[in-house]
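Visitor: Same order as they appear, the protein sequences are chains R and V. For what it's worth, the working numbering labels the leading residue of the first sequence as 2, then goes sequentially. For what it's worth, the working numbering labels the leading residue of the second sequence as 2, then goes sequentially.
One or more of the hints may lead you astray.
Intra- or inter-copy, both count: the list cannot distinguish identical chains.
Straight-line C-alpha distance at most 16 Å; calculated EDC-like pairs for lysine to aspartate or glutamate [as the list claims (entries may be wrong)]:
{"no.": "1", "residue 1": "Lys141", "residue 2": "Asp82"}
{"no.": "2", "residue 1": "Lys53", "residue 2": "Glu40"}
{"no.": "3", "residue 1": "Lys53", "residue 2": "Glu80"}
{"no.": "4", "residue 1": "Lys170", "residue 2": "Asp82"}
{"no.": "5", "residue 1": "Lys105", "residue 2": "Asp188"}
{"no.": "6", "residue 1": "Lys105", "residue 2": "Glu189"}
{"no.": "7", "residue 1": "Lys38", "residue 2": "Glu57"}
{"no.": "8", "residue 1": "Lys59", "residue 2": "Glu12"}
{"no.": "9", "residue 1": "Lys38", "residue 2": "Asp125"}
{"no.": "10", "residue 1": "Lys27", "residue 2": "Glu12"}
{"no.": "11", "residue 1": "Lys59", "residue 2": "Asp69"}
{"no.": "12", "residue 1": "Lys53", "residue 2": "Glu12"}
{"no.": "13", "residue 1": "Lys170", "residue 2": "Asp125"}
{"no.": "14", "residue 1": "Lys38", "residue 2": "Glu90"}
{"no.": "15", "residue 1": "Lys27", "residue 2": "Asp94"}
{"no.": "16", "residue 1": "Lys59", "residue 2": "Glu152"}
{"no.": "17", "residue 1": "Lys83", "residue 2": "Glu138"}
If you are wondering where the hints come from, they were derived from the structure by calculation, not from laboratory data.
Protein chains: 2
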Amino acid sequence: MNSSYPSTLLENAVNQFARLPGIGRKTALRLVLFLLKQETNNVDDFTEAINKLKREVKYCRHCHNISDTEVCDICSNPERDKSTICVVENIRDVMAIENTTQFKGLYHVLGGIISPIDGIGPSDIEIESLVTRVQTESVKEVIMALSATMEGDTTNFYIYRKLQPYNLKLSIIARGVSIGDEIEYTDEVTLGRSILNRTPFDESYKLTSK
Amino acid sequence: MNSSYPSTLLENAVNQFARLPGIGRKTALRLVLFLLKQETNNVDDFTEAINKLKREVKYCRHCHNISDTEVCDICSNPERDKSTICVVENIRDVMAIENTTQFKGLYHVLGGIISPIDGIGPSDIEIESLVTRVQTESVKEVIMALSATMEGDTTNFYIYRKLQPYNLKLSIIARGVSIGDEIEYTDEVTLGRSILNRTPFDESYKLTSK
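Produce the complete structure using the sequences and hints provided.
Guide: Put into structure tokens, the structure is as follows:
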């Protein structure tokens, strides 16, 4: 045996765990040995949950958010404002925005971001379906909530051009100095934008005065 | 829906991952979404490797190391010195010592360490089988290689008392300042022991001069 693993079964399991993002071989071994120490039915629960998710998960046919049903809980909620769509890259962004409890509209999950380096073009993500929603639903505003990266800006601009022909309010989430950040340590681009996009004093306190 | 997860299938999978040591809910979500993006057969390989390990793994009947066969590769290797047994807590310790390539004897994996706080007594770990090996095999030396903790010391002492009646050399791996460590920053107990257990100058360079 060439490797330092005393068992090929162990090595295979470690290899599988080590493929996960941010998990090195040492951590993988620790996780595998932890699972090995658990009762068989607990290990079954673990693998079952993953298999079930992979096989049975659905994506909402309106917003493409992950869902247990054909239409997700947000899209089927009658209290949500159907005239506003917030465009995000992935479902983690939906969860992050939902956690703020500040947004009452619907989402549109692109499932990625335009990134020529990674070979992801506009047709690889849910842009066409967004245009269709704008054409067929009573959408009044589309809020772009993508990451402040070059890829995010490219995608923003592409979608902006696609949606321009329609009678819509198109907006981008505010970029500025994070709450709690010190001005001194804020990067120049963010600080510059935060001055250009300054908000009236009373508007700025809307969120905290609620 | 009360939780912030858009799908109970997703939530279940995240819960399972979050039970692993050192994996918080945020990391769990990242890992689950990574798996969700993979091809179905890759996800199957992942869960299959874990299930197979749990169901088919064997423990060597001599040393209790993890193994694909009834007797592990180390115990069945004719080149290993069968007169020396190194006692370790778990299979990760075996791997760590094997990686040094400094030990040519056999191992004995206790599968734990005496720890009254965790309810682990001498009968919960492989101490009786160690005594049996000493009685039935031609063992000349037993090297204790347990962690330098209170539990390790307790286990060392318990095994020392159990093996004392037999005509054996009993030793403990050297405690001292780590190679590369600065004296200034070494804790007092380690530094104190390293002075008490000092080695002759020429012996100390055995390892590096090889």
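Visitor: Which hint numbers doesn't this structure obey?
Guide: Of the numbered hints given earlier, those the structure breaks are 3, 5, 6, 13 and 16, listed in rising order.
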